[in-house]
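*Asks:* Residue numbers (our numbering), protein chains in the order written: chain A, 2 to 191; chain B, 2 to 191; chain C, 2 to 191; chain D, 2 to 191; chain E, 2 to 191; chain F, 2 to 191.
Any given hint could turn out to be false.
When the alpha-carbon atoms are kept at most 27 Å apart in a straight line, the in silico BS3-like pairs for lysine-lysine are as follows [as the list claims (entries may be wrong)]:
| # | chain 1 | residue 1 | chain 2 | residue 2 |
| --- | --- | --- | --- | --- |
| 1 | A | 134 | F | 134 |
| 2 | E | 92 | D | 92 |
| 3 | C | 92 | B | 92 |
With beta-carbon atoms standing in for the labels, derived distance ranges [to be verified]:
| # | chain 1 | residue 1 | chain 2 | residue 2 | range |
| --- | --- | --- | --- | --- | --- |
| 4 | F | 180 | E | 123 | 33 to 39 Å |
| 5 | B | 175 | A | 109 | 19 to 25 Å |
| 6 | E | 154 | F | 116 | 36 to 42 Å |
| 7 | D | 88 | E | 105 | 29 to 35 Å |
Partner residues aside, some chain D positions facing chain E, computed with beta carbon under 7 Å [claimed, not checked]:
| # | residue |
| --- | --- |
| 8 | 3 |
| 9 | 25 |
| 10 | 26 |
| 11 | 91 |
| 12 | 93 |
| 13 | 94 |
| 14 | 95 |
| 15 | 98 |
What the hints contain is simulated information worked out from the structure, not anything from laboratory work. Even for Gly, the Cβ is constructed at its ideal location relative to N, Cα and C.
If you want the building blocks of each chain, they are given just below.
Number of protein chains: 6
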Amino acid sequence: MTAPPLDALLALLALDRLPRTGWLLAGVPAPESIAAHALGTALLALALGPRVAPALDVDRAAALAVLHDAPEALLTDLPRSAVECLPEGAKAEGERRAAQRLLAPLSELALTRFQEYQAGATREARFVHLCDKLHLGLRWLAYRRAGHGTLEEFRGSLERLECAEFAPCAELQRALLAAAGPRAGGEPAR
Amino acid sequence: MTAPPLDALLALLALDRLPRTGWLLAGVPAPESIAAHALGTALLALALGPRVAPALDVDRAAALAVLHDAPEALLTDLPRSAVECLPEGAKAEGERRAAQRLLAPLSELALTRFQEYQAGATREARFVHLCDKLHLGLRWLAYRRAGHGTLEEFRGSLERLECAEFAPCAELQRALLAAAGPRAGGEPAR
Amino acid sequence: MTAPPLDALLALLALDRLPRTGWLLAGVPAPESIAAHALGTALLALALGPRVAPALDVDRAAALAVLHDAPEALLTDLPRSAVECLPEGAKAEGERRAAQRLLAPLSELALTRFQEYQAGATREARFVHLCDKLHLGLRWLAYRRAGHGTLEEFRGSLERLECAEFAPCAELQRALLAAAGPRAGGEPAR
Amino acid sequence: MTAPPLDALLALLALDRLPRTGWLLAGVPAPESIAAHALGTALLALALGPRVAPALDVDRAAALAVLHDAPEALLTDLPRSAVECLPEGAKAEGERRAAQRLLAPLSELALTRFQEYQAGATREARFVHLCDKLHLGLRWLAYRRAGHGTLEEFRGSLERLECAEFAPCAELQRALLAAAGPRAGGEPAR
Amino acid sequence: MTAPPLDALLALLALDRLPRTGWLLAGVPAPESIAAHALGTALLALALGPRVAPALDVDRAAALAVLHDAPEALLTDLPRSAVECLPEGAKAEGERRAAQRLLAPLSELALTRFQEYQAGATREARFVHLCDKLHLGLRWLAYRRAGHGTLEEFRGSLERLECAEFAPCAELQRALLAAAGPRAGGEPAR
Amino acid sequence: MTAPPLDALLALLALDRLPRTGWLLAGVPAPESIAAHALGTALLALALGPRVAPALDVDRAAALAVLHDAPEALLTDLPRSAVECLPEGAKAEGERRAAQRLLAPLSELALTRFQEYQAGATREARFVHLCDKLHLGLRWLAYRRAGHGTLEEFRGSLERLECAEFAPCAELQRALLAAAGPRAGGEPAR
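So that you can see chain A by itself, here it is in the shape it has in the complex (with noise of 0.2 Å):
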């Protein structure tokens, strides 16, 4: 049996720290971190995943979620606007790297649920995406609630979201912008 990974454990802690920087860019001054997010997702997958037919392993679907973003230890969350300026594939691919870096010496276990979230080839890949972005759209659901403004970009992506191989993914899309209530005419387009 090799030595406890303690170094890679030590890097995983830096997650509570790093904010999701999209939250930043748009103004919310204390936001969510990653590991907050990935928490979350992994939450609402313990959540929607039995509601899933036909049925789907739902815990292998939590431990997806567990470590669908974890090799931004290493990387940082890069916001939209960092991916857009620079060039094509180097995020997947420094995910990929960090992934390697990171999660191999966690254990081969760990390596390969992430490849397979990132591969997205299994049914409940797809769904912990789905959730990924849902998880997205009840923050900022929550954000908006507490007064946050200038968050309208948001609700774009979780309209344009593409929830139809899973129902209860859809139910919830649905339910996050009901409850939102319509585009305040006031708000700013962004």
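Position chains B, C, D, E and F against the provided structure of chain A, taking the given hints into account.
*Replies:* Relative to the frame of chain A, chains B, C, D, E and F by itself:
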């Protein structure tokens, strides 16, 4: 199919804002959130779980870790000094009722997984209980290296942790204590 | 003369780091500390106390206000959702024991003043109970003006507050509600 | 009876957001607020006051402590470096005018208590002046134990504090310096 | 050649921790630092400066902007309410002495540039004075869009700003007010 | 004359919220912003620039410093671990495109100055590159003195910095290392 549990999902977002109060009381200025602790516990389960023999259901262990502190979204994180002042058993009773209110609407699976964790009757549940404590030890090591003082009580908890059932846990316990180095002479005993 | 109560004094410093959890759960990003709430309650007692007829002992009321949440340095601020999940009477019992552990070493006077507040048998104690609630209303007004949403439950608490015993308290209650303006149509009902 | 002093009460809420600037300049990342310092000074008066002989009016001392930095809601906390650059006497003049603008509308009692503190002619006022400095010493001890460096100038202030008039104050001064231990060899002299 | 001015350089780092107090008093939770304001003023000078006719020395204007609030590392940012309470001219005198203590050791050029800014006798100095105010307006627009309330006093300052000497400044003033939209009916007048 | 570049100016405000990620990953709780680093680099240029022989255009150097990290308002601050995971040259390409999108609308001068910095062909540009690294060293010294641990990798960067072209830079390098004192025996090697 029932409506998506929007209220419970919004309530769970508080895990990102709620601090782990033990660090606050010990003087750590902007400590880890409950969400970050739960995510870290799940990552630890994915790191150590595959090394355990005989094999564990590691995905289910990850799900247990994701849920293990979820009721604190209603209850908040009660530090040791609070538990000592509250009536005997009050905290466990509070967790039970909070889990019922928060996790039952999420999904039957979420509640079942939390109850498995709380009962501690399966190997996976006992393993995640150790991961919970070892993540505290990992955070202690990181805070200590980062220069935070007055955290020696956390070393004591780590030293006293009983890890015999799971060898990889005992190994990480030893690695954490070795990495921390000796108790500083000048450190207050608390 | 006994030694200065250094441990109790150090423990009370935590009141500056411990957040008022009701605001946290309602989505206020970096809310008021318990210390700031206690100071604000004392300032309110010094503002309204001299207007009360027949005259109150305003200095003693200020001392009651300074101490009224001091046990939370051990217990933390238990939000309504926590109180609802804990066994009946657990919070009051927790406060009693925390006061004993923290305030008895401070001074007999400190413990006596806290117990007077908790018993609510004197006019000064009942007056400070109202100042505690009115300071919550004042903070609500300020957060609302600053743009925080989803705080309508705090308006309800203020509206229902029974202020008949102390006319200046009733007057401030009316002034706060008038300054807040009508319930916004679009505000979620929570 | 005059209308409740809503504007003054709202202005005083700023004491929770305004930092004690001496700690900021010394590199403490998220230091104590003015509100927390004022509350701590009042708690210290309630701890040491009953030990003073001949007896003090401890409740009035608590009221003095609650008010002693209230004008800083308009003036902010001017650190030593600011006082050295401003014209002689500017800070005291600023406090006088700020007290007039902020505390006179609060209540005549509030202004009277502040002026008693500022004049320093009563034993209660001089006692609270010492509690103000001793609370600084208490905070210094806590920050030092928590690992903050470069705070040795605060030790010097505590060592030079003249506590002869009130024996319990002198005792706490000795206890704080004893608990801090010797000046570290490697600490920069500042 | 004299030794590098290490003490002055270390003191200037405080500009990152010191908040712009006007935003704090208006209820913005974690407002802009003095450092960020100075950088933003310099960026504004580099944006508008090249559009001014006849041509300005834009590089020197950037240097003036970098230095224009540097003495606040010793003095802190005195809000309007503080200036109104301090004796007439105290703030300007404080800035002069702070500049002498902090910028003279930095370099003769640094002190000269600050004095040029303070005197306001050159076109570059007057231009940077306007950039300072326009950056406040820009920040106000961003905070307003982000949902912060109670900032209408900042609109008034922007409306009253006299920009006639520099056409591109007047244009930005108009653009900021147009982007902010009309004064909200429900906004408190302050 | 074209319209004022309002969108670019609003986007640049993000520099105040975006953290310098190297400090975050090393465990500094609320580290310096990108804006504060850019301002500090400009102040350093104004301090050391006038001491350089033969004379530099110090005002232009200040302008280069103000702009040197401005594209990070779109790109965020990519830490070393991210650069190592991204494809070769991705960061430089990202900066080029971000500068084009953000600085071209600001003014032709702003883009020209940034490109001069990035090319490093002038003495002023090479001098500001050194100021950028020396400001990192200055911040490291301050964090180290304030008690932050685990920052020894930053010492190594400072030791290896090649300052031969500009004597005042070499002098500050020596002064920073002397002020930091010897590498602590107990400090983890990272």
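*Asks:* Mind checking the CB of residue 95 of chain D against every CB in chain E and telling me if the closest is under 7 Å?
*Replies:* 4 Å, holds
*Asks:* Please verify that hint: residue 25 of chain D, Cβ, nearest Cβ of chain E, below 7 Å or not.
*Replies:* Hint holds; residue 25 of chain D Cβ to chain E Cβ min 5 Å, cut 7 Å.
*Asks:* Against the range 33 to 39 Å, how does the distance between the Cβ atoms of residue 180 of chain F and residue 123 of chain E compare: consistent or not?
*Replies:* Holds: the Cβ-Cβ distance is about 37 Å, inside 33 to 39 Å.
*Asks:* Given the hint that residue 92 of chain E pairs with residue 92 of chain D, does the C-alpha gap stay at or below 27 Å?
*Replies:* Given that 27 Å is the threshold and the Cα spacing comes to 11 Å, the pair holds.
*Asks:* Given the hinted pair residue 92 of chain C and residue 92 of chain B, is their alpha-carbon gap at most 27 Å?
*Replies:* 11 Å, holds
*Asks:* Does the hinted range 19 to 25 Å hold for residue 175 of chain B and residue 109 of chain A at CB?
*Replies:* 23 Å, holds
*Asks:* Is the interface hint satisfied for residue 3 of chain D? The criterion is a beta-carbon contact with chain E at less than 7 Å.
*Replies:* Violated, about 21 Å.
*Asks:* Taking 27 Å as the top limit, are the C-alpha atoms of residue 134 of chain A and residue 134 of chain F close enough?
*Replies:* Answer violated: residue 134 of chain A to residue 134 of chain F is near 39 Å, above 27 Å.
*Asks:* Identify whether the interface hint at residue 93 of chain D stands, where standing means a beta carbon of chain E within less than 7 Å of its own.
*Replies:* 10 Å, violated
*Asks:* Is the interface hint satisfied for residue 26 of chain D? The criterion is a beta-carbon contact with chain E at less than 7 Å.
*Replies:* Status holds, d = 5 Å.
*Asks:* Have a go at the residue 91 of chain D hint: is there a Cβ in chain E nearer than 7 Å to its own Cβ?
*Replies:* Hint on residue 91 of chain D: holds, closest Cβ of chain E at ~4 Å, below 7 Å.
*Asks:* Could one say that the CB atoms of residue 154 of chain E and residue 116 of chain F fall in the range 36 to 42 Å?
*Replies:* 41 Å, holds
Consistency note: the structure conflicts with the earlier hints numbered 1, 7, 8 and 12.
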